[in-house]
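Asker: The listed protein sequences correspond, in order, to chains C and L.
When we follow the numbering used here, the leftmost residue of the first sequence carries the number 1, and every step to the right adds one.
When we follow the numbering used here, the leftmost residue of the second sequence carries the number 1, and every step to the right adds one.
Rather than coming from a laboratory, the hints here were simulated on the basis of the structure.
As the structure is a computational prediction, the values presented were derived from the model and not from experiment.
The beta carbon of each residue, even a glycine, is placed where N, CA and C say it ideally should be.
Watch out, some of these pointers could steer you wrong.
A few chain C residues facing chain L, derived, Cβ under 10 Å [said to hold, decoys possible]:
no.	residue
1	Gly83
2	Gln178
3	Pro181
4	Glu183
5	Asp191
6	Lys192
7	Ser194
8	Ser197
9	Ile202
10	Pro205
11	Ser208
12	Ser284
13	Arg285
Simulated pairs of lysine-lysine, DSS-like, Cα-Cα distance not exceeding 27 Å [said to hold, decoys possible]:
no.	chain 1	residue 1	chain 2	residue 2
14	L	Lys128	L	Lys54
15	C	Lys182	L	Lys153
16	C	Lys182	L	Lys128
17	L	Lys288	C	Lys192
Going by beta-carbon spacing under 8 Å, a handful of chain C positions derived as facing chain L [to be verified]:
no.	residue
18	Leu184
19	Glu186
20	Gln189
21	Leu190
22	Ala193
23	Arg201
24	Pro209
25	Leu211
26	His288
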Amino acid sequence: MRAAEKLRPYLFTAPSMLIFWLFFLYPIGYMIYLSFTSWNMIHPVKEFVGLENYQELLADPDFHQVMSNTVLYTVLSVLIALGLALVLALWLNRSGWVYSMMQGAIFSPYIISLVSVSLLWLWLMDPQYGLLNWLLGLIGLPPSPWLSHNDTAIYALVLVSVWKMVGYNTLVCIAGLQSIPKELHEAAQLDKASVWSEFWRITLPMLSPTLFFLLVVNTISSFQVFDTVKIMTQGGPVNSTNMLVYYIFEYGFEFFKIGYASAAGVVLFVLIGLMTVFHFLILSRRVHYR
Amino acid sequence: MASVTLKHVTKTFEKQTVLDDICLDITEGSFTVLVGPSGCGKSTTLRIIAGLEKETDGEIWIGGQQVNNTAPGDRDIAMVFQSYALYPTMSVYENIEFGLKNRNVPRAERKKLIDEIAEVTGLADYLKRKPATLSGGQRQRVALARAMVKKPKVFLMDEPLSNLDAKLRNQMRQELIMLHKELGTTFIYVTHDQVEAMSMGDQIVLMNGGRIQQAAQPLVVYDQPSNLFTAQFMGTPPMNMFEAMIDASGKEVKIGNHPITKPLPANHLAALHSQRGQRIHIGIRPEKLQMVSHEQAPLSLVSKSDGFDITGIIDTREALGSETIYSVSTLYGRVMVKSYQEELLRVGESVVVYFPYVHCHYFAQNGERIARDAFFSTRADVSGGV
Numbered sequence: 001m002r003a004a005e006k007l008r009p010y011l012f013t014a015p016s017m018l019i020f021w022l023f024f025l026y027p028i029g030y031m032i033y034l035s036f037t038s039w040n041m042i043h044p045v046k047e048f049v050g051l052e053n054y055q056e057l058l059a060d061p062d063f064h065q066v067m068s069n070t071v072l073y074t075v076l077s078v079l080i081a082l083g084l085a086l087v088l089a090l091w092l093n094r095s096g097w098v099y100s101m102m103q104g105a106i107f108s109p110y111i112i113s114l115v116s117v118s119l120l121w122l123w124l125m126d127p128q129y130g131l132l133n134w135l136l137g138l139i140g141l142p143p144s145p146w147l148s149h150n151d152t153a154i155y156a157l158v159l160v161s162v163w164k165m166v167g168y169n170t171l172v173c174i175a176g177l178q179s180i181p182k183e184l185h186e187a188a189q190l191d192k193a194s195v196w197s198e199f200w201r202i203t204l205p206m207l208s209p210t211l212f213f214l215l216v217v218n219t220i221s222s223f224q225v226f227d228t229v230k231i232m233t234q235g236g237p238v239n240s241t242n243m244l245v246y247y248i249f250e251y252g253f254e255f256f257k258i259g260y261a262s263a264a265g266v267v268l269f270v271l272i273g274l275m276t277v278f279h280f281l282i283l284s285r286r287v288h289y290r
Numbered sequence: 001m002a003s004v005t006l007k008h009v010t011k012t013f014e015k016q017t018v019l020d021d022i023c024l025d026i027t028e029g030s031f032t033v034l035v036g037p038s039g040c041g042k043s044t045t046l047r048i049i050a051g052l053e054k055e056t057d058g059e060i061w062i063g064g065q066q067v068n069n070t071a072p073g074d075r076d077i078a079m080v081f082q083s084y085a086l087y088p089t090m091s092v093y094e095n096i097e098f099g100l101k102n103r104n105v106p107r108a109e110r111k112k113l114i115d116e117i118a119e120v121t122g123l124a125d126y127l128k129r130k131p132a133t134l135s136g137g138q139r140q141r142v143a144l145a146r147a148m149v150k151k152p153k154v155f156l157m158d159e160p161l162s163n164l165d166a167k168l169r170n171q172m173r174q175e176l177i178m179l180h181k182e183l184g185t186t187f188i189y190v191t192h193d194q195v196e197a198m199s200m201g202d203q204i205v206l207m208n209g210g211r212i213q214q215a216a217q218p219l220v221v222y223d224q225p226s227n228l229f230t231a232q233f234m235g236t237p238p239m240n241m242f243e244a245m246i247d248a249s250g251k252e253v254k255i256g257n258h259p260i261t262k263p264l265p266a267n268h269l270a271a272l273h274s275q276r277g278q279r280i281h282i283g284i285r286p287e288k289l290q291m292v293s294h295e296q297a298p299l300s301l302v303s304k305s306d307g308f309d310i311t312g313i314i315d316t317r318e319a320l321g322s323e324t325i326y327s328v329s330t331l332y333g334r335v336m337v338k339s340y341q342e343e344l345l346r347v348g349e350s351v352v353v354y355f356p357y358v359h360c361h362y363f364a365q366n367g368e369r370i371a372r373d374a375f376f377s378t379r380a381d382v383s384g385g386v
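Make a model of the complete structure from these sequences and hints.
Answerer: Quick look at the structure:
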């Protein structure tokens with residue numbers, strides 16, 4: 001009886017623990033192990049090489065380019081997708097069928113698979129036959145090379161990412177806005193607050209937990225961008241859109257340098273971990289939780 | 001200080017009438033309590049005065065100025081919300097300061113005003129704290145301080161005490177009465193609690209179904225309820241109400257099928273003359289009834305003076321310490337009796353309940369009060385809380 005009592009909590013948590021160990025902890029551990037080896041996925045022996053992969057990685061100018069691409073892409077898409085979502089949420093947080101329809105329209109990209117999204121935008125951004133250049137032409141602007149030039153390609157990817165994320169962010173922001181008690185806005189009205197000061201002193205602080213959540217989630221997902229790169233640019237032109245996960249993919253599954261790819265994977269893992277810790281340590285102080 | 005006047009104010013919401021032709025005069029410096037059951041429109045009335053809700057029709061005047069199109073922040077009013085609505089991200093100091101800042105009061109003056117208010121409300125030690133770290137009573141004080149610091153012409157309070165425990169509520173009630181005395185500002189106070197209404201207001205506005213039922217001083221509302229609703233809303237337990245029938249001659253009165261033991265006095269019959277041949281309601285407050293056990297009845301005052309009586313049996317007894325509430329079943333139906341006698345009567349005991357004529361209220365079939373000349377109360381000019 002006693003033993004069964006003691007066993008019970010472990011039994012209850014066993015299914016999720018099993019999944020956690022099997023599909024989270026074990027792969028991470030295995031990746032870390034592989035990062036110290038040289039292996040091509042076929043050879044029966046994984047040769048232990050110590051920190052060699054990391055040395056090689058840090059010395060690779062391509063890797064530096066990849067890192068700066070990833071950071072630029074993440075910063076831009078997160079800031080724009082969040083800022084835009086906040087503006088849209090403030091605008092669309094009303095009742096009425098027009099607003100409901102707009103909310104639905106803005107959210108719809110989120111439910112489309114990224115592969116379809118990528119193909120769609122590939123077509124929209126076609127330099128010769130694409131809709132975007134045709135529109136630019138209509139208002140008298142010169143056509144943009146979009147994905148085909150190394151100066152613009154990464155911004156084109158940012159555009160796609162913002163288009164995809166903003167609906168979800170907007171919806172979450174609207175939910176956040178609606179959870180602010182109505183009386184706070186009324187009290188502010190009675191306190192003669194201007195629209196501006198009501199926004200800065202009441203709405204924004206009350207929305208901070210929502211924005212913080214979105215910031216963390218968006219940063220992580222942007223850092224792991226892959227589908228759009230794979231389908232739309234394959235990292236090009238001239239490596240200008242090559243980003244960390246695609247870089248790992250290339251080394252792992254095209255060049256079969258598993259050890260090297262794993263080392264890059266460990267770097268990605270550590271970076272995202274550090275960023276999240278940073279978010280919680282530094283930014284969360286400014287977040288007001290009810 | 002300012003008076004507040006509502007002229008034919010109507011509010012409909014999605015085809016539902018929430019307020020129906022409200023006309024109300026609130027005199028400068030008064031403490032007016034809007035009271036009524038939930039959904040009666042009292043909060044809506046307050047919110048319309050504040051400008052947080054737009055009236056469908058009618059005029060709102062504050063201090064001799066029509067404010068229908070004035071923004072809430074420019075009406076020179078302050079409001080205390082039921083939930084307090086303190087800004088959770090700001091400290092107590094910032095909460096109180098916010099309204100002043102928006103009115104461009106210079107920093108040094110703001111500090112002076114806030115320090116003064118903090119002293120008065122006992123918040124001096126808590127100015128740096130966030131509202132979440134304060135107790136209910138302290139939050140209540142912050143809400144008051146935030147309203148007071150603006151030195152408004154009118155204070156609006158929407159059930160400000162309902163989130164406090166009973167003891168604190170009593171204490172805050174006293175403090176609000178004192179505060180009103182000191183500030184001399186017009187207070188408009190919404191509550192569903194008749195005790196708060198009776199104890200605090202100089203004027204009670206009793207509402208039901210979007211209409212004002214009676215607007216008068218507390219004891220007038222209590223002693224001369226203008227209709228059935230008012231009579232039964234005020235007082236615990238509510239006024240006993242009996243359906244009665246006056247015969248065609250206007251002389252004989254029956255409660256149910258039972259003629260009352262002694263005929264009503266002439267002046268009462270005269271007042272009821274217009275109702276002859278019709279049904280009326282006779283009401284009497286539980287504390288105005290007198291009750292003795294059946295054996296003692298012949299000896300007591302019951303038999304001698306002017307009133308009628310009925311025998312009954314005590315069903316339940318609630319001994320509350322200072323008073324005792326009995327429920328008595330009689331031929332007239334259930335009668336609630338509130339007694340201040342030291343000696344308690346037993347449940348199951350046979351008793352005589354005595355109805356002094358002087359305390360009987362009469363209401364017509366449509367619920368309106370039937371006034372009669374000789375009125376029994378001289379308490380009318382006493383207002384609550386003063």
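Asker: Under 8 Å is the threshold here; is the Cβ of C/Gln189 close enough to any Cβ of chain L for the hint to stand?
Answerer: holds, 5 Å
Asker: Would the stated hint for C/Gln178 survive a check requiring a Cβ distance to chain L of less than 10 Å?
Answerer: For C/Gln178, the interface hint is violated, since the closest Cβ of chain L sits about 16 Å away, which is over 10 Å.
Asker: Regarding the pair C/Lys182 and L/Lys153, is the alpha-carbon distance no greater than 27 Å?
Answerer: Holds: C/Lys182 and L/Lys153 sit about 24 Å apart, inside 27 Å.
Asker: With chain L as the partner, please determine if C/Asp191 meets the hint condition of a C-beta pair closer than 10 Å.
Answerer: The hint holds - C/Asp191 has a Cβ within 10 Å of chain L, the shortest such distance being about 4 Å.
Asker: Given C/Gly83 as an interface hint, is its Cβ closer than 10 Å to any Cβ of chain L?
Answerer: With a closest approach of 21 Å, the C/Gly83 hint is violated.
Asker: Holds or violated: is there a CB of chain L closer than 8 Å to the CB of C/Leu211?
Answerer: At about 13 Å, which exceeds the 8 Å cut-off, the nearest Cβ of chain L leaves the hint on C/Leu211 violated.
Asker: Go through the hint on C/Leu184 and say holds or violated, using the shortest Cβ distance to chain L against 8 Å.
Answerer: It holds, given that the least Cβ distance between C/Leu184 and chain L is near 6 Å, below 8 Å.
Asker: Once the shortest beta carbon distance from C/Pro205 to chain L is found, is it less than 10 Å?
Answerer: At 4 Å from the nearest chain L Cβ, C/Pro205 passes the 10 Å test, so the hint holds.
Asker: For the restraint on C/His288, tell me whether the closest CB of chain L is nearer than 8 Å.
Answerer: It holds, given that the least Cβ distance between C/His288 and chain L is near 5 Å, below 8 Å.
Asker: Does the alpha-carbon distance linking L/Lys288 and C/Lys192 stay inside the 27 Å limit?
Answerer: violated, 51 Å
Asker: Hint check: is the beta carbon of C/Ser284 less than 10 Å from a beta carbon of chain L?
Answerer: At 14 Å from the nearest chain L Cβ, C/Ser284 fails the 10 Å test, so the hint is violated.
Asker: Classify the hint on C/Glu183 as holds or violated, based on whether any CB of chain L lies nearer than 10 Å to its CB.
Answerer: With Cβ-Cβ at 4 Å, under 10 Å, it holds.
Of the hints listed earlier, those the structure fails to meet are numbers 1, 2, 12, 13, 14, 17, 24 and 25, in rising order.
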